[in-house]
Every structure is written in structure tokens, then in C-alpha cells.
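Undergrad: Taken in order, these protein sequences are the chains called L and V. Note that my numbering has the first sequence beginning at 1, numbered continuously upward. Note that my numbering has the second sequence beginning at 490, numbered continuously upward.
No lab work stands behind these hints: they were computed from the structure. A couple of the hints might just be wrong.
Stated by the list, open to error - To spell it out: a stretch of chain V is covered by chain L in this simulated footprint if at least three of its residues, at any positions, have a beta carbon under 8 Å from a beta carbon of chain L; those stretches are:
hint : segment
1    : 506-513
2    : 593-606
3    : 609-621
4    : 740-753
Every residue, glycine too, gets a C-beta built ideally from N, C-alpha and C.
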Amino acid sequence: MAVNDISQLQSHFALFADYFLDGAYDEMFDPQGMPREPYQTLYQRLFELSAATLRQRQQAADMTFLNQGVTFTVYSDDQGTERIFPYDLLPRIITNDEWSTIEQGLKQRITAINLFLNDIYHEGKIFKDGVVPRDLIYTCKHFRREMVGLNVPKGVYVAIVGTDLIRTETGEFVVLEDNLRVPSGVSYMLANRQVIKNVFPVLFTSYNVRPIDHYGQVLLHTLRSFVPAHRTDPTIVLLTPGVYNSAYFEHTYLARQMGIELVEGRDLVVHNNIVYMRTTAGLRQVDVIYRRIDDDFIDPLAFRPDSILGAPGLMNAYRAGNVALANAIGTGVADDKAVYAYIPQIIRYYLGEDTIISNVETYLLHEPKQLGYVLEHLEQLVVKAVGESGGYGMLIGPHSTATQREDFRRAIKANPRNYIAQPTLQLSRAPCFIDGHVSPRHVDLRPYILYGDDIQIVPGGLTRVALRRGSLVVNSSQGGGSKDTWVLY
Amino acid sequence: MTVTAITAPRAVVAIGTLSRVADSMYWMSRYLERAEHTARVLDVNMDQMLDETPKSGDLRWNRVLASLRIHDYPDASDDVFRLIRWLTVDQTNDAAIVSHIASARENARQIREQISSEMWQEINQLYLQVRRTSKSRQWRTQPHKFFLMVKHGSHLFQGITDSTMIHSEGWQFIQVGRSLERMIAITGLLEAYFQVTHELDYLAWIGLLRSCTAFEAYCKVYTADIRPDCIVEFLLLNNRFPHSVRFSAEQTQNALLAIASSSGGRSKGQAERLAGRLRASLDYAQVDEILQDMPTFLRSIHRQCSEIHTAIYQTYIDYTIDAALHR
């Protein structure tokens with residue numbers, strides 16, 4: 001590249017004035033400060049663009065999101081205001097090699113997890129063989145007795161997964177957590193791609209980016225695979241908690257992408273163990289439900305009696321085999337953070353293979369030796385409640401106050417089974433355009449895995465960004481944003 | 490309609506719309522029509538207000554309230570701008586334009602995956618624009634611009650709806666909502682204008698016509714000779730003009746017939762029968778007969794509109810499970 005204009009060079013350095021490298025893995029620069037190979041084109045392109053141009057494109061992108069209503073609802077705001085999910089302009093790039101490891105690793109993981117769920121809700125061989133302690137499973141918040149002995153279509157419990165990956169200091173991808181209940185965010189993956197194609201068409205075409213637009217089709221195909229063979233004219237629906245749910249946009253988006261009906265609990269009627277939806281033409285039988293409602297709320301007769309979001313009697317219809325649910329009930333047991341620690345053993349037990357993508361080292365606090373160590377080293381560790389998600393119920397040791405640590409110490413001692421601890425990880429950083437500068441921010445990666453007749457992973461995922469400087473929390477509920485993820489050919 | 494046989498299992502011809510969705514289509518459309526109508530009425534009257542004495546002004550704004558069927562204006566002062574503000578941007582007022590648009594958009598939001606992206610984008614944009622403007626002072630300095638934006642947005646939405654949405658049952662519910670709302674609005678205007686005992690002037694009659702976008706169309710039929718009986722005939726009985734009651738009754742009937750045939754024979758014919766009767770009564774009515782007892786005639790139309798609404802609910806939206814299963 002020839003830089004023949006000195007002012008261009010100056011503005012470029014101004015653009016990067018905020019950039020820094022330290023122990024964390026930087027997605028764009030190697031430790032010497034040279035752009036890594038897949039990022040070179042992007043880096044050069046940033047030479048040609050001024051901060052003003054970038055700002056303009058950022059505004060264009062934000063307007064697109066707002067006008068299309070790509071928003072999430074902020075619960076605390078009494079106006080019921082919708083906000084756009086903060087979007088960062090610069091793409092995150094993943095090479096084909098990196099991706100194929102991720103792909104294989106995730107397929108392996110999901111296969112094993114499904115075998116595991118089938119086992120624990122049936123014979124429980126893994127308990128008898130002493131690989132996973134029985135009491136660990138039975139004390140899981142998300143273990144559902146109602147599922148014991150129930151056969152799910154095709155033996156697939158978890159059909160839709162979003163697994164959170166992070167990158168360690170060496171650049172290796174590791175699994176931070178599996179989301180096996182109702183993972184969200186895939187619509188942002190799709191919308192981010194649409195937007196970046198509009199704002200950076202030239203850059204986009206200069207990379208060979210693998211497409212992700214077929215996600216809706218693959219999802220529909222996955223759901224259709226659960227239709228009982230005798231139903232020739234099946235009805236597949238997406239069950240949403242309704243318009244006030246923070247992910248409502250995503251529910252509508254996916255329903256439209258698939259051309260299926262978006263229903264709320266009040267649209268469903270269960271009669272003689274058959275699920276119907278109420279239409280202008282009368283009641284129509286429902287065969288497969290892609291449910292975006294948690295177990296607890298899905299059927300007031302089986303679970304929380306105060307839920308008005310679900311359909312009374314749904315669980316009986318499910319048990320009778322008259323309707324398929326994706327995901328099945330009770331899958332949360334496998335993303336319990338203490339069970340997570342056993343996933344490598346689970347993979348070895350069912351598949352006889354070594355884990356392709358490692359776990360983060362995890363201390364199980366119901367084991368006295370590990371508990372002792374953790375209580376000694378709270379300042380260096382991250383402590384998480386096992387049944388929580390979304391960045392709640394977490395202590396980040398190095399960023400915590402003495403009082404917070406004391407609170408956690410007490411809580412852990414009271415119920416050690418309810419917590420796990422992990423070393424504080426340096427998530428990798430990717431370049432982001434923030435306040436007129438390109439600055440590094442911590443990111444993770446959530447690819448989406450679909451399991452019907454076979455396992456399919458659309459090449460991409462949601463890269464979540466901790467937009468606050470120094471923050472390690474990428475959750476949208478806690479000030480996180482996202483950026484488009486490019487998996488290259 | 491002919492359906493070509495397709496061997497692939499994915500060609501699912503589903504019958505019926507979700508009742509909740511049909512309900513939202515219907516109300517989305519009604520609220521937007523109501524917003525447009527309110528905007529037009531206010532626009533016309535604010536414009537005419539500039540040409541008149543303060544005294545006739547009182548009459549004018551009472552008439553506006555009556556025509557919109559609003560009987561609970563809370564402000565006793567005769568500050569016209571406060572009234573207009575209340576009807577336009579006051580979010581606490583359910584009858585304000587901003588509230589109608591928010592309701593229309595809220596209904597659209599609940600059925601986002603059922604309407605086209607273009608429709609959603611337009612109604613969402615309109616909502617954001619109206620909210621932005623209503624918080625600024627711009628609407629007060631240039632109310633005309635505000636009303637224009639609302640009317641324009643509504644027209645655009647209708648055009649987008651017609652050209653981007655599949656014309657199946659959901660679309661028909663949109664048509665029913667709009668035409669029912671329109672009949673109610675026009676009869677409301679006629680009631681208000683014909684209630685007064687004294688002679689109305691030329692300006693007032695033109696105001697009535699313009700409130701229904703009917704002035705130019707009227708002139709094409711009757712020339713610029715403005716006569717009350719001709720106005721009644723035009724707004725009630727013309728069969729070619731979209732803002733006439735007869736035209737809207739026909740639209741209502743057609744849409745209900747289409748819904749009845751697409752909903753798999755659920756209908757027992759009640760809603761279509763009521764719409765058909767209303768239409769027939771307008772088809773065969775004569776203006777001199779109507780003028781003999783105009784208030785009764787207008788009230789009867791309004792009542793019939795309510796009956797059609799109730800019948801739609803009983804048949805398609807709010808039916809009991811027993812009725813659906815043991816049919």
C-alpha cells in the first residue's frame with residue numbers, strides 16, 4: 001500500500017491513538033503490533049477512511065437498526081422504550097482453519113450432550129459407571145423429574161444451541177458456557193450482516209465471507225425433522241412470551257424468516273392432549289413448537305402455576321407424544337455450570353474421544369479441597385452461581401470489593417453446590433470504533449448449532465463486545481454490544 | 490382461485506389466520522384511519538379558522554369535537570390552541586393523534602411477522618417521527634406540516650400494504666377495519682354538521698367536504714355548486730368515491746365475504762349479512778327520503794357498524810372453544 005499523503009497518515013495515527021496491546025490476545029494485531037494476516041485488508045481500508053466517514057457510517061447503521069425496529073426492550077424504563085442493541089462497525093474475522101476446529105468441536109460437544117441428556121432421563125448409566133455423581137444432577141435447578149422416562153422425537157433434546165466461546169491469551173478458543181435452554185441473539189447475527197453489507201460494501205467484497213443468510217431455512221428444516229411421520233400437513237409454530245419480552249424482535253424475525261406462525265400462550269388451547277391454535281378458521285392442530293419460553297413458564301399445570309405465558313396442559317400433550325418441543329424440557333441441567341465442568345468426561349464417556357474445544361478450568365465447590373482453595377483465592381477468581389445466565393450472580397474477583405467478596409464467601413459456604421469458580425480470564429480483544437477512535441475491546445463468540453436430522457452450524461455467530469473500557473462483561477443486559485462476524489472461505 | 494398441485498411437502502396451504510393476529514390487523518387499520526381522519530379534520534378547521542370571526546370559532550370547535558364523537562373535553566377555557574394540542578400531541582388523551590398512531594403501531598408490532606417489513610418500517614417511522622415532532626415545538630409553529638405528515642404517512646402505509654402484503658385474510662381484515670372506521674367517521678361528521686339549526690355558510694360546507702377529501706371529487710360530479718342535499722347524497726350514497734359511506738359499506742361487505750370463504754366455512758353468515766343489509770339500504774336509498782329524518786338515518790348506520798363489529802368478534806376472534814370443537 002502506498003501512503004503518499006502525509007495528512008492521511010496523520011489522521012490514521014489519530015484514529016489508532018487509543019490502541020493498546022497487553023497480555024490479552026488481540027484479534028487484529030500480533031504482539032509486535034503488526035496486523036495479522038486476515039486483518040490486513042481491513043487495516044489498510046482504515047487508512048483510507050477518516051474518523052468522520054466512520055462516524056457517518058456508524059450513524060447510517062444505527063438508523064437502519066432503529067427504523068427496522070431491530071431493538072430490545074429495556075425493562076426498567078416505564079416508557080417501554082426500545083433501544084437498539086449497540087452495534088460496532090468493524091467486523092470480527094475468523095479464518096477457515098479456526099472455523100473448522102470450532103465446527104468439529106461444537107458438533108462433538110452437542111452430540112455428547114444429547115446422549116448425556118437421554119441417559120440421565122432414562123437408565124442413568126453414567127451415574128452407575130461413576131463418571132458423573134447422581135446427586136449433582138438431581139440437585140440441578142433445571143433438572144425436571146417430569147422428563148424421566150419420556151421419549152423425545154429422534155432422541156434430540158437440544159436442537160438449538162448457542163455456545164459461548166472465548167479466546168485465551170494464546171489465541172486458543174475455549175468454551176465458556178453452553179446455552180441449552182432458549183439461546184438468543186441469532187437475529188442480531190443476521191441483522192448485523194445485512195447492515196454491514198450496506199455500510200461497507202467494498203470492504204465486504206474484498207473479503208471472501210461465507211454466507212449465513214440460510215439460517216432460517218436450516219432452522220425450519222431442523223424443526224420439521226421433529227414432525228411425526230403420520231402428520232402430512234404439519235403446523236410448526238414459534239411460541240413467544242409476547243411483545244414485551246426483550247427478545248421479541250428476534251421471535252418475529254425468525255418466524256418471518258421461516259414463514260411459520262408466531263404464537264403466544266393465549267393463542268394455544270390444549271384439548272384431549274392435543275395442542276391447537278385459535279384461528280379465524282377454528283382450531284388448528286400444532287405439531288412442533290419452537291418455544292422461546294423457559295420451562296418454568298410453559299405450562300401452569302405442570303410448572304409455575306402463576307404463569308400466564310404458557311398453555312395449560314401442554315406438558316401432557318408433550319408426554320402423549322402429540323407435540324414436539326424444541327428444545328425439550330429439562331435441557332438446562334446440562335448447562336448448569338457445575339455440570340459444565342464434567343463435559344470433557346461426558347464426551348469421553350459417550351464418544352470415546354478427547355475434547356476438541358477445551359473447557360475453562362473450573363473449581364467444583366462441593367469438593368472440600370477445591371472449596372478450600374477457592375475461599376483462599378477469591379480475589380483472583382471469578383465465581384458464578386450455577387443456574388444463572390446473562391451475567392447475573394457473578395463475582396469477578398480482581399474487580400470486586402472486600403464486602404462483595406465477603407458476601408460471596410458467606411453464600412458459598414452456605415450452599416457450595418450452588419457455585420463454581422474459574423480463573424479470571426483475559427478475553428481476547430478486537431478493534432472497535434468508539435468515540436472517534438479505533439480501540440480494543442473484549443469480545444466473545446456465540447455460534448449457533450442446529451440439531452435435527454443432522455448437526456448444522458451456520459458459519460458465523462454473534463460476536464459480543466464489552467463496550468466499556470476494561471469491562472469483561474459482554475451481555476447485552478449489562479452494556480454489551482455486538483459486531484458482525486466474518487468466517488472466511 | 491386455482492391451486493397448482495405441488496408434490497413437495499412444503500407447499501402448506503394453511504387455512505385461517507390466528508384470531509389474535511386478525512384482531513391486531515383490524516385495529517391497526519382502524520387506528521391509523523382514525524389518526525388520518527382526525528388530522529384532516531383539524532387541518533381543515535385550522536385553515537378555515539384564519540378566515541373567520543371569533544364568534545363562529547366557538548361553534549366550529551364544538552362541531553369538531555362532536556364530529557369526532559368526543560364528549561369529554563376536560564378543558565373549560567376557550568383556548569383553541571389548547572384544544573388542538575389536546576387532540577394532537579397530548580399523550581394522556583386516548584383520542585389524540587399521537588395516541589392513535591401509537592396504538593396502530595403497537596398493534597403492528599404484535600403482528601410484525603405477519604405484515605411485510607416495508608409496512609412495519611413505514612408505520613414505525615411514522616410513529617417515531619410523530620413522537621419526535623410532538624415533543625418539539627415545531628408542530629405548534631407549523632401544525633399544517635404535522636397534519637400533512639400524518640396524512641401522508643397513512644396514505645403511504647395503505648399503498649405499501651396494498652403492494653407488498655399478500656392479499657389474503659389478514660389483508661381483508663385491514664380492509665374491514667378501515668372501511669368500518671371510515672363509515673363511522675363520515676356519519677359523525679354529517680351528524681355534527683346537520684345538527685345545527687341555523688344556516689351554515691358556504692365555508693362550512695366546503696369544510697365538511699374537505700374533511701372527507703371530497704371537495705374536488707364533489708365538484709367533478711356536481712360542479713362547484715355547493716348544496717347540502719348534494720353533499721349528503723355524495724357522502725352517503727356515491728358508489729364510486731372511496732370516502733362515501735356506500736362505497737365503504739360495499740368494501741366492508743366484500744372483505745367480509747372474502748374472509749368467510751377463506752376461513753373454511755366457519756362463518757354462519759352473520760357479519761356478511763349485516764354488512765350486506767347496510768349496503769343494500771344505501772344502494773336503494775334516496776337523498777330526499779334521508780333528509781326527512783337525517784339524524785335517525787345516521788344513527789342507524791352507526792348502530793349497524795357496531796353490530797358488524799360485534800358479529801366479526803363472535804365469529805372469528807372471541808368464539809368459545811365449545812363452539813369451535815363441536816361444530
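Undergrad: Of the hints given before, which are not true for this structure?
TA: No numbers; nothing is violated.
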